Amino acid sequence: MAGVILSGVHKIYQGTEPLPRKWWEFWKPSGKPSEVHVVKGADLEIKDGEFLVLVGPSGCGKSTTLRMVAGLEEVTDGEIRIGEKVVNDVSPKDRDIAMVFQSYALYPHMTVAENMSFGLKLRKYPVEDIEARVKEAAALLDIGHLLERRPKELSGGQRQRVAMGRAIVRRPQVFLMDEPLSNLDAKLRVQMRAELQRLHHKLGVTTIYVTHDQTEAMTLGDRIVIMHQGHIQQCDSPLMLYEQPANLFVAGFIGSPGMNFLEADAKDGLAHHPLFTMELPVKARNLTGKITLGIRPQHLLMGSLEEGEVKLPATLEVVEPLGSENFFFCKLDEGAGQVTVRTDAATKRKVGDAILLRIRPDHVHIFDSNGEAVCHAKGEATAE
Amino acid sequence: MTTSDNKPKVDRSLYAWHAVLICCLCLFLLPAFLVVMAALREGGSLVSAEIIPSTMTLKNFSRLLNETPFWRWMLNTLVVSTISTVIAVAVTTLAGYAFSRFRFRGRKNGLLFMILLQMFPAAMSMVAIFRLLQSLGPMTGGLIGLNSLFGLSLVYIGAGIPFNSWIIKGYVDALPIELEESAYLDGATPWQTFSQVVFPLMGPVLATVAVFNFIAPYSDFVFPSVLLFSEDQYTLAIGMQGFITGDFSANWSLFAASAVLGSLPILVVFFSLQRFLVQGLTAGAVKG
Chain A
274 MAGVILSGVH KIYQGTEPLP RKWWEFWKPS GKPSEVHVVK GADLEIKDGE FLVLVGPSGC
334 GKSTTLRMVA GLEEVTDGEI RIGEKVVNDV SPKDRDIAMV FQSYALYPHM TVAENMSFGL
394 KLRKYPVEDI EARVKEAAAL LDIGHLLERR PKELSGGQRQ RVAMGRAIVR RPQVFLMDEP
454 LSNLDAKLRV QMRAELQRLH HKLGVTTIYV THDQTEAMTL GDRIVIMHQG HIQQCDSPLM
514 LYEQPANLFV AGFIGSPGMN FLEADAKDGL AHHPLFTMEL PVKARNLTGK ITLGIRPQHL
574 LMGSLEEGEV KLPATLEVVE PLGSENFFFC KLDEGAGQVT VRTDAATKRK VGDAILLRIR
634 PDHVHIFDSN GEAVCHAKGE ATAE
Chain B
67 MTTSDNKPKV DRSLYAWHAV LICCLCLFLL PAFLVVMAAL REGGSLVSAE IIPSTMTLKN
127 FSRLLNETPF WRWMLNTLVV STISTVIAVA VTTLAGYAFS RFRFRGRKNG LLFMILLQMF
187 PAAMSMVAIF RLLQSLGPMT GGLIGLNSLF GLSLVYIGAG IPFNSWIIKG YVDALPIELE
247 ESAYLDGATP WQTFSQVVFP LMGPVLATVA VFNFIAPYSD FVFPSVLLFS EDQYTLAIGM
307 QGFITGDFSA NWSLFAASAV LGSLPILVVF FSLQRFLVQG LTAGAVKG
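Each protein sequence line maps, in turn, to chains A and B. Residues in the first sequence are numbered from 274 upward in steps of one, following my numbering. Residues in the second sequence are numbered from 67 upward in steps of one, following my numbering.
Chain A with its partners taken away, still in its complex shape (with noise of 0.2 Å):
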């Protein structure tokens, strides 16, 4: 097992960007290079052991991350390593590595059993030690049945498995994981993620995993890395991530439903909205101009005005009840934005009723004119 270290990694495609041109006009040049830049300046330690998690919406360049580590894609600039080794110039067989993907990449023609051992019969492993390794993963996996079946005919979950099955054998120094359980069925995904932190647990290898599932990574890693147009937003524990985002996009994709933000102005340590004022905590105080004010779904309140705390008068468009609790997706009045309220089961309102909502002042996160956390809401917070 090995840590993997990313300095300053960076990805940059060449494209062609098409140019205008009439269609008889074929001595013109149909385009022009380009460059599309993926990655950008990544730095992340991984340490030994590890179950990192890249998370980002599509496009933010998580799987172009991984796949660099795995060496499927060239690293334009920068260094990985390996454990002690820089592999920026190995091939992916001499990385030491396995990775499981998406789509399960399962032979299509080859058993399970063989799908399990290609790897080690291409390294020349005695074929007792292939055997023995292939019989241990069947059985840690639970496929041991399935061995002599085709791909074609197994579900969704024991293809996983047997995807899982054939990085085990191997047992690499790294895992990596390219959102491999998005293709199954929300239970079967449920039950696969337990699967994989018993595994962890178990074999204990380092492993970048990637996912656009924010409940996957939240519950999964040890640490979780946010990506956003190919810049790193964030890299922390789940729980820091969600109590002190480190800015507005990290704000807005931990947490479901999403963080609120009302638009504010700040002047003379007080934030301005179309519908309250509120003082400004210490840490905040000097800011001036464009501020968002975040607030988690379930600390906007309802019921009676406390001392200190400010009101947001609104209008209920939509409720989601969800049997252990209801949402609440809000009109503010005067125009001034939409806004969704976490309550509990019991509390029932119907759809067009005016809501009289109220906020404390310490659960509300600060985020600058950038969009950079000024201060983190102290009911949340557990390191301010």
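Any given hint might turn out to be false.
Distance condition first, Cα-Cα at most 27 Å in a straight line; then the derived DSSO-like pairs of lysine-lysine [what the hints assert, rightly or not]:
no. : chain 1 : residue 1 : chain 2 : residue 2
1   : B       : K174      : A       : K301
2   : A       : K394      : A       : K425
3   : B       : K174      : A       : K305
Simulated from the structure, these hints should not be mistaken for lab results. Since we're looking at a predicted model, the values are computed, not measured.
Go by the hints and put chain B onto chain A.
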């Protein structure tokens, strides 16, 4: 609701469509039927008052096998078909894979150029091919030259490369790239990836290319009629033509009999490869 409403409604237009389709089927099968009947008829005439002859005979087949070099022509055709099929499949499989998966200078223009080549009828290149084989003959001891079966095979291989490469490229494009990436990570070299992962999945497209290449020498008349001179080198199409362009008689029954026997190898090849033609080997490779 009445009980009659519960009966499944029969769409009458379905009957009409079935009738149309049966008519089409008859139209397609009629020529084959006429050829078989002609082969079983006595005498060499094509035109007869009766479609199904009153007395059927196998004399034409017997005469064909005993009195003409039919076996020789058949063997020549099989030799040309086999050589061109094996080499074309080997060459175009690698070419199609390379065009699909590798990025190299000239790839795009090469693909476009192959489409361009495909647009011209093969007969347009007849003079060039004739001159080429004429020149190559003395240099290769007649192996690749005029009146050579191997030379003719090469012509078919060359003519089929653009189209075959394109269909193989299209097929490989549709194979999930993750399979190859997974093989690389498993420790496979590019050749091992191709031979152990991609090639076994190419059954359907290889069967298609093989059938096309195998049939070409059977159905072509133009190239062998120009490039082959001696009767012992004739392919079936040229040999058969002699039955109906004789100086004193046109023996259509003999022609029909050789057509019936000549089609048997094609049927054998087709039915033996049929399994691959309809099989989707990639099922289960990825999600689903």
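Hints, verified against the model:
Annotation: proposed proximity of K174(B) to K301(A) holds, straight-line Cα distance about 17 Å (limit 27 Å). A hinted pair counts as satisfied when its Cα atoms are at most 27 Å apart, and K394(A) with K425(A) qualifies at roughly 23 Å. Using a Cα cut-off of 27 Å, the hinted pair K174(B) and K305(A) holds, with the two alpha carbons roughly 16 Å apart.
The structure fails none of the hints (numbered hints given earlier).
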